[in-house]
Amino acid sequence: MLAAKLLIRHWRSGELKLLSLSLILAVTVLSAIAIFTNRLHATLLIQSNAVLGADTVISGSHPRAAHWQIEAAEAGIKTTESVQFSSVVYAGDAMQLASIKAVAEGYPLRGTFELSDQPFALQAGDIQAVQGIPARGEVWVDSRLFTALQLTLGAKLAVGDAELRVAHLVIREPDGLNPLSAFGARVVMNALDLPQTQVLQPGSEVNYRWLLAHDDPQKLGAFVQHLKPQLDPHQKIITVDNAQERLGNTLETANKFLLLTAVIAVLLAGVAIAIAAKQFADRHANSVALMKSLGASAARVRLLYGVQLLLLGSTASGIGLACGSLIQAAVVSALQMAYQQPFVGASLQPFVLSFMSGILCLIGFALPALWFLPQVPPLKILRQSLMLSRPQLWVQGLCAALAVLGLVVVFSGDWRLAGVVTLALLLVLALALLAAFGLLKLCQRWLANAGGVWRLALASLHKKSNHSAMQILVFAIAMMLLLTMSILRNSLIDEWKLQIPKNAPNHYLINIPATDAPVLQQQLAQGLGQNSVLMPNVRGRLVTINNVEPSEATRAKENALQRELNLTWSTTLPASNTLVKGQWWTIWQRSAADVAGVSVEEGVAKNLGLQLGDTLRFSIGGLTLTAEIASVRQLNWQSMQLNYFFIFEPGVLDAYSPTYMSSIHLEASNKAFLYQVLREHPSILLLEFERILNSIQVIMDQVAQGVQLVLYLTLLGGALVLWAAVMSSLDTRKQEAGLLRALGAGRRLIQGSVLIEFALMGFLAGLVAILGAECLIFGLQKWVFKIPVQPHLVYWLIAPACGGLGVALLGYFGCRPILTTPPIIVLREAA
Amino acid sequence: MSLVPMLDVHAITKIVPTQEGDLEILRPISLLINAGESVAITGASGSGKSTLLGILAGLDTPTAGQVYLHGHCLTALDEEGRAQVRAGNVGFIFQSFQLLPGLTALENVMLPLELHGNKQAKTLAMNFLTHVGLESRMQHYPPQLSGGEQQRVAIARAFASQPKILFADEPTGNLDSHTGNKIIDLLFALNREQGTTLVLITHEERLAARCERRIELAAGAIVTSEGI
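Protein chains in written order, with the numbering used here: chain A, 1 to 831; chain B, 1 to 228.
Check the hints yourself; a few may be wrong.
Stated by the list, open to error - Simulated crosslink set (SDA-like; lysine to any residue; CA at most 25 Å straight-line):
no.	chain 1	residue 1	chain 2	residue 2
1	A	K380	B	G173
2	A	K17	B	L103
3	A	K5	B	M138
4	A	K380	B	V16
5	B	K122	A	K236
6	A	K236	A	G60
7	B	K164	B	H10
8	A	K380	B	A44
Hints were generated in silico from the structure; no laboratory data involved. From a predicted model like this one, the values you see are computed outputs, not experimental measurements.
In isolation and in its complexed conformation, chain B is listed as follows:
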């Protein structure tokens, strides 16, 4: 295992200007996540979870502070530089699945591999879809799939490019509890198999409990940090 922490965050803040004056979404936050860890970030709606996730993944920039992702200082890079870091290092799973409606399940899984120029994109994508139990749904378009199936495609897509760190934003938020449980099982099983670092945003207790560590946010600040 690498000695470099997967995520090293130093006193990041996020302030956005509004008509009523500046709004502090994140107060100074520092945290360290090691490679292979699974960390749940929890909190009520509006506590700043998604903003934190965006900054940690390099999709957004903090107002102050530094973020190091696998040794790369994201805050010192421009968007092009951050894109380079994300490529091959980062994977995502979203609450609303974010599958491209014009592409089949197989093509959706192939897309990140193709973007990275992987010649085995099709074979790999088919393997992962089979792994998530969708071998018979590969040629279906997203609107033809149920919510659970769509999220399984999204999980296959996320793991297919074998990222070092996976960000999951409320992955069961749009699913019923039965389907949600199955998706959680699948997510953690794959995470164990691949040895991926997992950062999970959720407000569900049972999901947060499955992670090794838990960080709770309230009003943009860390209120508790538990676990090993």
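Same shape as in the complex, but just chain A:
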């Protein structure tokens, strides 16, 4: 096949090196990021699902329909179940309210139980991860129950009519994050022992949980969709998405950033591809004219070059994909070692997308430059000066922009991000082009009277002012994208650190009896040196709005209407809250003596269309409470503080027997102290959030590492662009230098003028780059990442200085062959 032969010949002669290297780089970066994020996502999902015990849980107050099990088995979905209820358990004469979880064989589908033989075990050596469930006749209990009932291992615990042996202590359990509905300490038992207990009677309040898992999320998703219409109103679907919203948000930002970096790296590689393609096209205009003079038709030429391009694209994409896979594998393996965290394998999707993106890059960046080739008239072979009708610059820019848009949409599915990135880039490029021309003109005016090497350098810039402006633009694009990425990376990481304040609460104490509250507050203040706020807490439902029951549609829209809520009162506005409408209790006046005031969270108010002065009726333990909306609050959900949708006037809930809740920050060294305190207050439930916080931290670190790697690859992309730009002018420079040297100019003079010319271009490009980067960063910070906007003054010095120096060195090394080769050879090669 002639096209393949020609491709090999062009490759061997070195004509395709820059083009293929740029393409390989683009695919390497894209595939490394796509595969890495795909694996990170899948891994986090598995980790998060370990918290849930499954990929999806169908939770309800009735057992699931029997035929679902058969359908699940047919669909290849793994299932198991648990039954959760509260009951009083006995050990001898001692008794305690416990939250019992009866689990079936196969539980949990994700994650493990962590057991110990020591109550409140902290040391890793005392804790053992166990796959499996309690044997028949055995129970596992948590440390508080163990100490409250003064149990020993092997002791008997009565659950209803069944006497079960205490085999182990549960330190951590999957699917344990259902704290606000769980009362009392945990007992885990085998579901086969359940009938023997006789505890579950008609009308008992029971939570049946059917756990589902499948390695292919799409298959599981399809099955859940199939179940959805069959669920009754008391059954709901729980996935990790609604369980861990915060993690999701962080990950989404990280994903956006990684994607943005990938786009920037691809853009850099794209610019290099476009330059290389233009160089290739320039050199091949004559070849095409020759082939056509020998009888090749335009269609034949198009086919020859099209097939070459396709072969080149596929080969380079394949190599890039292999490099990207290797890089992500190295990063993942380093992360696995560092965090002791196994990573899940990637799906096929990122491989396919990355490969296709190589072809898309070629179409978007290279094809426009090569498009005119088949139309080169054969007469060109006789008349070298014949002008060729090349595509306009704006057509090339449009194709590149469409390619970038396509890539961002394909990889993120986020049209908004794609739109912002593409529009901003186009705008900044147009500005940068104007700035490049303007600065070049100014420079020529200021340095008009300079002598020696300066005059030579300026003459060179002036003579090719269009070409010089384009080169400055290319240098500026590379520097601008690199600046944008490194500045944005720093500000995002700072912002992430702020998202989780250093002393954010990581433990929550709930179900604190009113009688224990003052003592506990004092103990915590003495032991931890923290002034803990204890919030009163009652559970109730919002039943009417302005005396009207919400419609089914409204209920479906707002989660707060579908469940019991935690209600509280507070004298002061809590720290992480901001009043956006109405007045706080110090100023607010009741409109009627028997209608209390309530402050509503902004999101709920918006979803339910609530206004100041609207009346809400709550049902609390069979009693009702009517309240008027006094204010609307904005909450900082990232603060990790206890947050409430509804906060009442002080004292309003006193009549409803509140328990109390508190959030505290606890260092690992203080954990033993807290456990000691809890022994004295057995009914208090402890929620340890540190694991989730730690996993967020690990993800941050993982993402930061990924970003670092991409930064290096992007730097390589930037260097490629700069190199390509220098090389693109080498042919003309060869001719000029040969001529100057033939006329007797010394090497030093030519060297000096080359250095000055490139240094000036680099300096101007640095100025344009920082200007463009500030504009881009402003847009990204304000509209995409929504973080505070700041100027970066120090970069206004760094960018032109480094630009001047870097480009001068690059130019010098790039042009060295023309300085060291004898003029006759230089002239002959140039001819």
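Place chain B on chain A using the hints.
The following block gives chain B in isolation, referenced to the frame of chain A:
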């Protein structure tokens, strides 16, 4: 020998628009070249030689008139049609050699053969390169060859596809006289061997003298036409 003339030209003109008005590069020109003839087209710089060559070879179109190449009316065809006529009928030798810098000498000679789908491209190309005395330079790239060697590669390329008519545009213009003479000898020797029709553009007397006929152009018109 075919009775169809190799080139039959009827009153062609070439006018190009310029800022100062239309510029007449070729005034009505008619000529006939038979198969196997060697014809030199001479004239001073700017006399319209190269424009005439471009039109005769089907690389360019006249403003008026008709050109028949081996019976095909080039002026009635579009670029694709003219390309079909050129394929296999026409060969070129250029002043600036026009070798592809990314291909070796051998690959340059193979290119037209490969374009025509010739399965023996390599063998044929090697034979022709050997014939022009470059058997030891086959794997060299054009920049590694001297001017004379490059033109010999170009001659091998032109003859390798065995064209019916060969257009040579100042083939010795970039060479010193010694090398130029050798190239002329080679060109005419191969022309005799292959029986190719040769149309040679030159301003060198000694080169024009080697052709059977000579057509002299001045200001876009034929001023003298000599020979058999």
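Hint compliance check: list the failing hint numbers for this structure, sorted ascending.
5
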